[in-house]
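Heads up: the sequence lines are chains D and U, in that order. Per my numbering, numbering of the first sequence is gapless, rising by one per residue and ending at 256. Per my numbering, numbering of the second sequence is gapless, rising by one per residue and ending at 256.
Don't take each hint at face value.
For identical chains, the list gives no copy identity; a pair is met inside one copy or between any two copies.
To be verified - In the SDA-like style, the derived pairs of lysine to any residue whose C-alpha atoms are separated by at most 20 Å in a straight line are:
#1 Lys86 - Ile237
#2 Lys229 - Asn95
#3 Lys226 - Gln144
#4 Lys185 - Asn81
Source of the hints: derived by calculation from the structure; they are not laboratory data. Computed from a predicted structure; not experimentally measured.
Here's the letter readout for the chains.
Protein chains: 2
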Amino acid sequence: MSRVYRFFAAELNNEDLEMDVCLSPRCEQKIFNQLVRVLRVKNCDKVILVGDGGLEFEFETISAHNKIIELRFMSKKKNENELGFKLGLIVCLPNKPDKLTMILQKAVELGASDLILVNGAFSQMKHDLKEERLLRIMKEAAEQSERAMIPRLMIKKKLIVLLESDWCAKKYKNIFVAMEREDGKGLYRVLKGDSENDGGENKSIYILVGPEGGFSEDEKRLIKQKGLKTYSLGKRILRMETAAIVSLGIAVCGNN
Amino acid sequence: MSRVYRFFAAELNNEDLEMDVCLSPRCEQKIFNQLVRVLRVKNCDKVILVGDGGLEFEFETISAHNKIIELRFMSKKKNENELGFKLGLIVCLPNKPDKLTMILQKAVELGASDLILVNGAFSQMKHDLKEERLLRIMKEAAEQSERAMIPRLMIKKKLIVLLESDWCAKKYKNIFVAMEREDGKGLYRVLKGDSENDGGENKSIYILVGPEGGFSEDEKRLIKQKGLKTYSLGKRILRMETAAIVSLGIAVCGNN
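Just need the whole structure built from these sequences, with the hints factored in.
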């Protein structure tokens, strides 16, 4: 049985991908090692290399050994798996690295285009933010979920500072905040109302989720003052990673 | 600062909870150990014991040491955090125990009342199903998310057998199946259409999610033959745990 492998081919240009390709351990080190040493690619296995602009180039493996992988070009097509709108997640740093991993992985799968990490007043992260590791997790999730691109990762400082920034000021009306113990509308209704007011053209949605301890009084005041819309995810107390995943899920699928 | 702890009090009857209570390491071993040894409860900390029927009894700690915890009865109220309908998750066993843990934990948080584990044809679980551990995770998730009850856990054999069973036959029209790479309607629309046909009285929803490899041809045939409704979660390929969590999230919150 031939298998299918999928990679983002940052090392190669689209022009180089529209023909037979030889991958060498020197030039295309990461893909080469992954294919030969980790996945043990075999003849006839399919390899999909995703180039710039979400173009997918499909190859068949002709030969693969320690020195070179020969790939025969089969076809190209455009990846159509991206969302029709911009979806961002602004998430306050959780207390444990595996929660952060889970949030980033699921956000990428669900189609988010921007992942913004901030320090909430009640964030209790005592571990290092290993950016390289986070980017690797996001890349793998994008490959596995068959996306056309790897989302952007931004690491900002304090939530309060972010909310006061120019970057944020342009987005106030597109930021939706998950609020615990709030007897408010659900996200689906908030987004629906918003898109109706907007003439149905909701071009970007940012979801903001606080850390385990929720938002501080200062943060809540600023959220209110800046006019961000809040929503509830029901009466039960959700863990912050659950709130983030479910919110993105509703933003992506809730309307279909 | 006084803290609040919450436990299901299976060891105690509702009648015994409507007055001051002394917990001893011999009679109420689990709660006692948790409070004294793990959480190091202090005077003035609040303890909420959840009794039968979701009645919550709130206490203030008078004294706590190695031999006894004295709790002063403060008030009782009914927990109103349960969903207004029955929500079940039928999930094929994933390949790794931590995925199963995550699915059960999140399903409990989101309000599921029934969790049914089955072996899909493509399930690749090679670890033991430690039922006691799973029940503990569910109990902790129910306490943390402030639910009135601990959901039921059912461990069934094969998905094919379950689908043919009498248990399932009564539920065919209430089972909704997550289908990958299907260009179908989303869950929100499927549920909405269903509840409209049903006069809006959708009294139970069961979500069925396959294992990592998806459903086998036999399973798909049976799903179709029994008339189960299928839905899509978008164009990207979601991991099965993401599909389970997001589906439950939409069933719970998608309509609000």
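Practice item. Classify it for me, lysine 229 with asparagine 95: is the Cα-Cα distance of at most 20 Å met within a copy, between copies, both or neither? Key: Intra 26 Å, inter 39 Å, cutoff 20 Å: neither.
Review point. Is it within, between, both, or neither for lysine 226 and glutamine 144, if the alpha carbons may be no more than 20 Å apart?
Key: neither (38 Å within a copy, 31 Å between copies)
Practice item. Give the relationship of lysine 86 and isoleucine 237 under a CA distance limit of 20 Å: within one copy only, between copies only, both, or neither. Key: For lysine 86 and isoleucine 237, the Cα distance is within 20 Å only across copies (19 Å; inside one copy 28 Å).
Review point. Under a CA distance limit of 20 Å, which applies to lysine 185 and asparagine 81: within one copy, between copies, both, or neither?
Key: between (30 Å within a copy, 16 Å between copies)
When each numbered hint is compared with the structure, violations occur for hints 2, 3.
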